[in-house]
Each structure stands twice: as structure tokens, then as C-alpha cells.
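Novice: Listed here are the chains, written in short residue letters.
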Amino acid sequence: MGMGSGDVITPLIIGIMLGGLYALIALGLSLIFGVMRLINLAHGDLVILSSYIAYALLTYLGLDPVLGLVISIPFMFVLGFVIQRYLLGKGFAVSSETPLIIAFGISLVLQNLNQILWTPLSRGLNTSYSRMSFFVGERQFPVSYLLDFVAGIVVMLALRAFLTKTYMGRAITAASQDKRAAQLMGINTNRVYGYAFAIAMGSAAVAGTFLGMTFPFTPTSGISFLTIAFGTVVIGGLGSMLGTFFGGIILGVFQTMGGYLFGPASQMLIVYVLVLLILAIRPKGLFGR
Amino acid sequence: MGQKGSKERTTGIIAAIVVVVLAALPLIGAPESWLLYLLLFLIYFAMANMWNLLAGYAGLISLCQPAFLGLAGYAMTVGTWVGVPWWIGLPGGALVAALFALVISVAVFRLSGVYFAIGTLVVPEALRMVFYLWRPVGGKMQGAGAGYMVKGIGGLSSQGIYWLALLVAIGSVLLLRGILKSRLGLGLAAIRDNERCAASSGVNVFRLKLYTFVIAAAITGLAGAVYYLYQGYIEPSATFNVKWTMTILLATVIGGIRTEGGPMVGTVVVVFLYFLLARYAGYSLLIQGIILIFIMLLSPQGLVGLARRIAAHPRTRWIMISVRTGRAP
Chain A
1 MGMGSGDVIT PLIIGIMLGG LYALIALGLS LIFGVMRLIN LAHGDLVILS
51 SYIAYALLTY LGLDPVLGLV ISIPFMFVLG FVIQRYLLGK GFAVSSETPL
101 IIAFGISLVL QNLNQILWTP LSRGLNTSYS RMSFFVGERQ FPVSYLLDFV
151 AGIVVMLALR AFLTKTYMGR AITAASQDKR AAQLMGINTN RVYGYAFAIA
201 MGSAAVAGTF LGMTFPFTPT SGISFLTIAF GTVVIGGLGS MLGTFFGGII
251 LGVFQTMGGY LFGPASQMLI VYVLVLLILA IRPKGLFGR
Chain B
1 MGQKGSKERT TGIIAAIVVV VLAALPLIGA PESWLLYLLL FLIYFAMANM
51 WNLLAGYAGL ISLCQPAFLG LAGYAMTVGT WVGVPWWIGL PGGALVAALF
101 ALVISVAVFR LSGVYFAIGT LVVPEALRMV FYLWRPVGGK MQGAGAGYMV
151 KGIGGLSSQG IYWLALLVAI GSVLLLRGIL KSRLGLGLAA IRDNERCAAS
201 SGVNVFRLKL YTFVIAAAIT GLAGAVYYLY QGYIEPSATF NVKWTMTILL
251 ATVIGGIRTE GGPMVGTVVV VFLYFLLARY AGYSLLIQGI ILIFIMLLSP
301 QGLVGLARRI AAHPRTRWIM ISVRTGRAP
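So the protein sequences, as listed, match chains A and B. To convert, note that position 159 of the first sequence is 159 in my numbering; the numbers rise steadily by one, no gaps. To convert, note that position 25 of the second sequence is 25 in my numbering; the numbers rise steadily by one, no gaps.
There may be inaccurate statements among the hints.
[Said to hold, decoys possible] Partial list, derived from the structure: chain A residues whose beta carbon lies under 8 angstroms from chain B:
1. Ile39
2. Ile102
3. Gly105
4. Ile223
[Claimed, not checked] Negatives, chain B to chain A, calculated, CB over 10 angstroms:
5. Leu35
6. Met149
7. Leu156
8. Asn194
9. Leu276
10. Ala312
[To be verified] Derived, one-sided and incomplete: chain B residues facing chain A with beta-carbon distance under 10 angstroms:
11. Leu63
12. Val108
13. Leu133
14. Leu250
15. Tyr280
16. Gly282
17. Ser284
Honestly, the hints are just simulated from the structure, not real lab data. Even glycine gets a Cβ: it sits at the ideal position worked out from N, Cα and C.
Work out the full structure: start from the sequences and follow the hints.
Specialist: And the structure:
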């Protein structure tokens with residue numbers, strides 16, 4: 001993870017910046033859970049799908065990944081709306097486990113579709129700036145990590161503003177707090193769910209793009225990032241945007257500090273153990289209500 | 001009652017014939033490749049049966065089945081390195097899986113519904129890391145990662161392993177039937193219908209779910225240990241892999257969750273697709289994913305539920321009766 005120097009500050013700063021990426025990945029998952037009480041098991045694969053879209057735009061059109069968001073965000077937005085409207089939404093009518101299993105099916109489809117389209121080879125989004133470094137004092141950090149952190153803050157603040165300031169955002173919040181009361185107030189909850197999922201997928205498009213600039217990815221990477229996103233929302237509390245952001249930071253810091261103290265091989269194990277402990281002690285998350 | 005009894009007897013006779021035919025196949029010289037697919041069928045079937053018990057009957061969407069089958073596989077394999085014969089390793093592995101289920105229940109049983117699903121999904125991921133880092137015996141690495149060969153299976157042929165798998169599969173069916181008819185099964189049915197109502201009528205919800213979890217872990221572990229006996233090699237990344245969860249879930253859901261025949265029908269479909277598209281592994285899973293989504297949307301009770309609905313529908317029922325009696329509708 002590029003920790004050359006032996007001091008504590010470097011892994012700490014890297015952990016915080018990496019936490020921004022984890023928060024970015026987890027925000028969509030958290031939003032969907034908060035609104036429709038669904039654990040979207042396909043979230044990791046939808047994020048990786050966005051990474052591949054950015055990869056395709058970069059490779060075939062030479063489009064910079066950040067500029068490519070102009071295409072990938074609307075695409076994922078529409079895809080999210082369709083998935084909620086025609087697949088998951090119909091599942092909710094059957095039973096509470098049905099959407100969970102449908103999401104699992106979507107995950108399976110996306111993983112194998114990505115494998116067929118892009119081969120199982122590891123890919124990455126290499127741009128001129130993503131491989132550069134910046135310096136804080138004598139310490140050297142990758143620019144891509146800083147971009148992750150900035151993107152995490154921007155998307156978190158944008159989602160928060162959207163949920164509190166706009167009509168649709170308030171309708172989403174209302175539907176997540178009390179579905180029936182919201183319906184009585186004239187809110188079309190089906191439409192609201194569709195938009196919530198679409199917005200979550202828009203944020204997944206951003207997450208996939210920055211993930212691709214930071215780490216190499218394969219068609220089966222989705223599950224690892226789903227687990228990380230789970231960890232983030234478990235720490236931060238499902239459904240809260242700010243909580244999710246801090247959850248990401250805590251997870252990132254635990255990972256890099258764990259790697260610093262016990263060796264890089266055990267860093268993810270430390271994260272998983274932390275997640276299981278928090279689930280056992282405080283299932284609603286550190287910041288959950 | 002009489003009709004129900006005769007129907008049960010017919011099912012029993014058919015089942016007995018199927019078992020005899022399956023057991024005789026290696027003796028009458030069935031091709032090796034057939035036996036391989038049947039072996040996979042039997043192992044997946046036993047695991048799907050247990051997942052059906054968990055998710056269908058006890059309402060526990062457990063996504064940590066790879067942990068049970070992997071731990072049992074590792075226990076059996078590592079056992080052969082320190083002089084424990086495989087035939088002790090099989091029940092030993094099942095015991096390890098059951099004990100592990102008991103240990104993690106402390107954490108995951110505090111969670112309900114979707115939280116339980118998340119908690120259990122993390123477990124195999126953590127175990128994969130553990131087995132990358134930790135080598136219980138035999139210092140040097142062998143092959144990629146922390147892999148182990150099964151040492152010495154003492155004259156056990158591939159046919160022998162096939163018969164073992166058949167025994168485990170039959171055992172899982174009998175166990176499931178036994179459980180559903182027992183007090184445990186009655187309690188689970190009460191919980192499924194109304195958890196609060198069951199709890200207030202004196203059903204110990206926690207304990208019944210825990211028993212189910214531990215039993216399912218043991219049998220899934222046993223089936224996993226037989227699989228790794230056949231495979232002869234175990235390593236963390238393929239073992240503690242979500243692919244196992246997917247296969248088990250697909251088999252159960254395609255066939256029909258919460259139906260007794262579901263896992264059998266679903267496993268036939270899954271293994272048949274696997275066989276049909278063996279050269280295009282990616283397409284096989286893609287198609288299974290699409291089937292899974294459509295089954296959930298169109299017939300949440302799977303193919304078994306679909307067949308039941310067709311049989312119950314007035315018009316089709318009439319056609320079926322006329323087909324059976326041989327008269328024109």
C-alpha cells in the first residue's frame with residue numbers, strides 16, 4: 001500500500017484518504033438501505049460495472065475517467081431506476097426476502113457479464129494524474145487517494161443537501177421514515193423508491209470511477225468491495241450519510257493501522273473482525289439511531 | 001388419509017428405486033464423467049437441503065455456508081497430515097463446523113433479518129484471510145496460497161467417495177423430514193407463521209433457530225468434507241468463496257424454497273446447466289442468474305411451486321386429469 005516510511009502518521013493519513021473511497025462506495029448502499037430496508041447484494045458489482053464503463057470510455061474513446069462521469073452517471077441512474085422499477089420493486093410485493101435474492105441474481109448476472117465482456121484479466125484506469133504523488137512535508141502520497149477523499153466528501157455533501165433541500169429528497173426521507181404516512185400525504189412511494197435507487201446508482205458510478213483509478217479491478221472484485229461497503233455502513237450505521245462517511249474513515253484507518261502494526265497481509269482480517277465485533281456489540285452502528 | 005398414505009408410499013417407492021439405481025451406477029460401468037456430475041449433484045443437493053431448512057423453514061438467510069464446508073474440509077485434510085484417518089476426519093470436520101456455528105452464533109444471532117445476512121456474509125471472507133495467514137501444520141507452502149493435499153485416503157476409490165456422497169445426500173433428506181415432523185419442526189412452523197405469537201406461546205425461538213443453525217452447519221460441513229476428499233486438495237480462495245453460496249442458493253430457490261422437493265429439482269437444474277455449458281462457465285452462471293431473477297418474480301416458490309400452481313389451476317387440472325385417464329378433454 002506504498003508505505004515506505006516507518007512512522008505512524010503515513011498510514012494514518014492514507015487510511016483517512018482511503019476511507020473517503022470506502023465511504024463513496026458505501027453511500028449508495030446506505031441510501032438504499034435507509035429508504036427501502038434492502039441490503040443490495042449487487043451493489044459491489046454495480047460499482048465494478050461503473051469501473052468497466054469508465055474503462056471502456058477511456059480505452060475506446062480516450063475519454064478521461066472524471067469527464068466520463070458525464071456519461072456514466074446518467075447511464076447508471078437510468079439502470080438503477082429500471083432495476084428498482086421492474087425487478088426489485090416487484091419483488092417487494094412478494095416477500096421481504098425476495099428482493100434480497102433478486103439482488104443476488106443481479107450480482108451473478110453482472111459478474112458474469114463483465115467476465116464475458118472484459119475477460120477475467122485485471123484492469124485499471126490509468127491517467128496521467130492518477131499515478132502522480134504529492135508531498136506533505138517529507139511524506140509522499142498518491143494523488144488518486146486524495147481524489148478519492150475529495151470525491152467522497154463531495155458526494156456525501158451533495159446527497160445530504162439533496163435529501164434535506166429538494167422536494168424529491170424530502171419525499172425520499174419521508175418514505176424512509178414512515179412509508180404509510182408518506183403515502184397518506186400523497187407521496188408516490190414506488191416512484192420515490194425508483195429515484196432513490198437511481199440516485200444511489202449515480203453515486204455508484206462516481207465510486208466505480210475513482211475506485212478504478214486507485215485499485216486494479218476484475219469482474220469478481222465486486223464481492224470484496226461489497227464487504228467493505230457493508231463494513232462501512234455497519235460501523236457508521238445504515239441509512240445515515242454522515243455516519244456512513246465517518247464509517248468509511250474509521251474502516252480505512254483500522255485497515256492501514258492494522259497493516260502497519262501487524263503486517264499488510266492481515267489488514268483486511270482486522271477489518272472483518274472489527275465489523276463482526278461491532279455487529280455483535282452494536283448492530284445499529286456507532287452512529288446509528 | 002388413505003389417499004395421502006398411498007401417495008406417500010408411491011413417493012417412497014420411487015425414491016427407493018432412484019437410490020438403488022444411483023448406488024448401482026458405478027457397478028454397471030457408468031462413465032466416469034457421469035459419476036462426477038452425479039457426485040456434484042449429491043453434494044450440492046445435501047447442502048441445498050440444509051440451506052432450505054435454514055432459509056425456508058427457520059427464516060435464517062445464512063450466507064456463510066462456505067465457512068462450514070470449508071472448515072470441515074480443512075479439518076479433514078489437515079487431519080490426514082497428522083495421522084487422523086479420513087473416516088474420522090469426515091465426522092470430525094462436521095463437528096468442527098457445528099462448533100464454529102455455535103461460536104459465531106454469539107455474534108450473528110444478535111442480528112435479525114438483513115443484518116443476519118450481512119453478518120454471515122462477512123464470516124467466509126474473514127476465514128479466507130485466516131487460512132491465507134495461518135498454516136496449522138506442515139511448514140512450507142505447497143502450491144498457491146495456504147493449500148493442502150489430502151494425504152493418504154487408504155484405498156478409498158472414487159466410487160467409494162461417490163457412495164459416501166450418496167449416503168450424505170440420503171441422510172440430509174431423512175434428517176430434514178425427521179426435523180420437520182419433530183417438535184423442532186413444529187416450533188419452526190409456528191415461528192414462521194408468527195414469531196411473536198410463537199414466542200408468547202412458549203416456543204423458545206432463539207434455541208430452535210440455534211439448533212437448526214448448528215445442525216445445518218454439521219451436515220453442510222460433512223458434505224463439504226466429502227467434496228474435498230474427492231478433490232484431494234484444499235486452498236482458501238476457492239473454498240471460502242461466495243460461489244458456493246451462489247450454487248446453494250440457486251439450487252434451493254430455482255427448485256422452490258420452503259418446499260421439500262425444491263432442492264432436488266433445483267440441484268438437477270443447476271448441475272444440468274453446469275454440464276450443458278461446461279465449456280462456457282461464465283454463460284452457465286449468467287443464465288442461472290437470469291433464471292433466478294425470473295423465478296423470484298414469476299414463481300417465488302420455484303419450479304415446484306409453479307408445478308403445484310399449474311396442477312391446482314381449474315383448466316389445466318382438467319387437462320391433466322383427462323391426460324391421466326386417457327380421455328379427450
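Novice: Each hint should be assessed against the structure and marked as holding or not.
Specialist: Results for each hint:
Interface hint at A/Ile39: satisfied, since its Cβ lies 4 angstroms from the closest Cβ of chain B, which is below the 8 angstroms cut-off. A cut of 8 angstroms between beta carbons decides the hint on A/Ile102: the least distance to chain B is about 5 angstroms, and the hint holds. For A/Gly105, the suggested interface contact is upheld, since its CB lies about 4 angstroms from the closest CB of chain B, less than 8 angstroms. Of the supplied interface hints, the one on A/Ile223 holds, with its beta-carbon coming within about 5 angstroms of a beta-carbon of chain B, less than 8 angstroms.
Residue placement check: B/Leu35 keeps its beta carbon more than 10 angstroms from all beta carbons of chain A (closest about 27 angstroms). The beta carbon of B/Met149 is kept farther than 10 angstroms from every beta carbon of chain A, the shortest such distance being approximately 23 angstroms. Remark: the non-interface label on B/Leu156 is consistent with the geometry, its nearest Cβ contact in chain A lying 34 angstroms away (cut-off 10 angstroms). Residue placement check: B/Asn194 keeps its beta carbon more than 10 angstroms from all beta carbons of chain A (closest about 15 angstroms).
For B/Leu276, the requirement that its beta carbon stay farther than 10 angstroms from each beta carbon of chain A is met, with the minimum near 15 angstroms. A cut-off of 10 angstroms between C-beta atoms confirms that B/Ala312 is not in contact with chain A; the least separation is 18 angstroms. At a threshold of 10 angstroms, the smallest CB-CB gap from B/Leu63 to chain A is about 8 angstroms, leaving the interface hint in force. For B/Val108, the interface hint holds, the least distance from its beta-carbon to any beta-carbon of chain A being 7 angstroms, beneath 10 angstroms.
Because the smallest distance between the Cβ of B/Leu133 and any Cβ of chain A comes to about 6 angstroms, under 10 angstroms, the interface hint for this residue holds. Because the beta carbon of B/Leu250 sits about 8 angstroms from the nearest beta carbon in chain A, less than 10 angstroms, this interface hint is met. For B/Tyr280, the suggested interface contact is upheld, since its CB lies about 9 angstroms from the closest CB of chain A, less than 10 angstroms. Taking 10 angstroms as the C-beta contact cut-off toward chain A, the hint placing B/Gly282 at the interface holds, the least distance being around 5 angstroms.
Restraint check, B/Ser284 versus chain A: the minimum CB separation of about 8 angstroms is within 10 angstroms; hint holds.
Hint compliance for this structure: no hint is broken.
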